Amino acid sequence: MPIYTAPTKDSQFILHEVLKVSESDIPGYAELDPEFTGAVLEEAGKIASNVLHPLNAVGDTEGCRLENGVVYTPTGFKEAFEQVKEGGWTGLDMPEQYGGQNMPYVIGTAVGEMFSASNQAFTMYQGLTHGAASAILAHGTDEQKDTYLPKMVSCEWTGTMNLTEPHCGTDLGLMRTKAEPQADGSYKITGQKIFISSGDHDMVDNIVHLVLAKIVGGPEGIKGVSLFIVPKFMVNEDGSLGARNAVSVGKIEEKMGIHGNSTCVMNYDGATGYLLGEEHKGMRAMFTMMNEARLGVGMQGLAQADAAYQNALEYAKDRLQGRDVTGAKNPDGPADPLIVHPDIRRNLMDQKSFTEGARAFILWGATMIDAAHRAGDKDADGLVSLLTPVIKGFLTDQGYDMTVQAQQVYGGHGYIEEWGMSQYTRDARIAMIYEGANGVQALDLVGRKLAQDGGKHVMAFFELVKSFCKDNAGQDEAYDKAFTEPLKAASKDLQAAGMYFMQNGMKNPNNALSGSYDFMHMFGHVCLGLMWAQMAKAARDALDGGASDTAFYETKIATGRYYMARRLPATALHLARIQTGADTVMALDAANF
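Take the sequence shown: its letters are residues 1 to 593, numbered as in UniProt numbering.
None of these hints come from the bench; they were simulated from the model. In this text, all values refer to a predicted model and were calculated from it rather than measured experimentally. C-beta atoms are modelled at their ideal positions from N, C-alpha and C, and glycine is treated no differently. Careful, some of the hints might be misleading.
Here are the computed distance ranges between Cβ atoms for each label pair [to be verified]:
| # | residue 1 | residue 2 | range |
| --- | --- | --- | --- |
| 1 | 343 | 583 | 36 to 44 angstroms |
| 2 | 471 | 416 | 49 to 57 angstroms |
| 3 | 378 | 69 | 43 to 51 angstroms |
| 4 | 280 | 69 | 31 to 39 angstroms |
Assemble the whole structure, with the sequences as input and the hints as a guide.
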């Protein structure tokens, strides 16, 4: 059975030695001292390792089942959900007014990684609820907040987001689900939604669906889309549950992975719904959920990669195969462990340098969300908006690739179900698709986010990298050569790509869009390069300050050197592709493919 150990020490290093959260002026951050965050993460790690992880394979094997209109979750899920609820984990960063603990989002993100790595399918039940609650918090009336949020924050009720229909995924303007106004101010919602994660289950008494629909007589296309609260059971004025609403499960989708999550086809047959936010402004309200969800999905890419890496590392240390070409390392045994071989080392270093860099990137992104929400920092809001498609697209693409590499360490055993490695790959695969497929993330990045606010935010990112390199140059020749110089070169590649888009994209938009996927990956590499340069600096400072755990900090620097030397140069390849333009991409007629 696979293992999982929560990365508490690494998260603490990032929070306190790299991001220095307790020194920040973001409201609530002064309380995030190492002792406090350490206690939270240690407890979360115990839940992840002891409660959720043992159910990961159970959920994968059993899946969910629909019987007589009732969805049943896998064995043990209901009991585990009660433990998670009792610990207050579901409302970690939600307002105290509604029963939450009001901790910063960055702590919820660090905990969320542990829970997702140990059992992604299970963690999605509360994850979707958090997103739905955030949308109601941002756009709901006081009555709606008071009615739904206390139960959703505690996960006595869970939530969903209903976007996709059989004939439309990304192009939501094509949706057919309709909302008919009623005399009492409610609406009758009719239509079918598919791919609804956590759509129905047996772990709670009520499920609060957030459903996109078009009000009859409204504008055509995306401008006519509104968002509605549609509870599974109606809620009486005293907060008790009333009659069953006209919403039902058509079927549970048979999926490649995340079998423990009930992904449902949802049928709305004149169900009673309540407008959330303004008429025809549903996309604005939904994107409150989507931006948070996209950071969370990027975190899922990291989480599955880390869980897979931990197991591949253990296997590489234990499995005896062949001899080290420079001389036997296990002379008393029949062979040396896999980890002596250079190509296994390359494989593991790819994984290790990605997961640790991605963890820093995710937590940095979470601090920007905190700055935006808690301190009203518009610059932070703009920067995290720019980076959201990078976090989502790059980290899930790379995270999936790393689970495949972890399988590869096992050889044939990685392909056999009893070793459990294929689940990480299968579970990671969906993260590249849902909450906006990664190709759409790339289009959003290049087509919308680069030019947002006159290009202010991408210029701020370049200035951030430039300032870091300038401030840290000339102090340590070895550091400059290993970190600041490669980071500077990669950033120049990214700027050159942006310049190519400006010079060629106006004339022919396909010149920009054909390079958008490469640009997203190039941007991701530069972000991880920046994270590694910062982590290496923090590790060097700790060693210079006489830190006792020299192995941890020396390992951090060596891992960073690997990323900068072996992974970051990919920016040159991506730039070369981008600069070829659209001609080769668009050369064939559709009939000739």
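For each hint, the structure was consulted:
Checking the proposed 36 to 44 angstroms range against residue 343 and residue 583 shows it holds: the Cβ atoms sit about 37 angstroms from each other. Between residue 471 and residue 416 the CB atoms are about 51 angstroms apart, so this pair conforms to the stated range of 49 to 57 angstroms. Evaluation of the 43 to 51 angstroms hint for residue 378 and residue 69 yields a pass: the beta carbon distance comes to about 48 angstroms. Remark: the range hint 31 to 39 angstroms for residue 280 to residue 69 is upheld by a beta-carbon distance near 33 angstroms.
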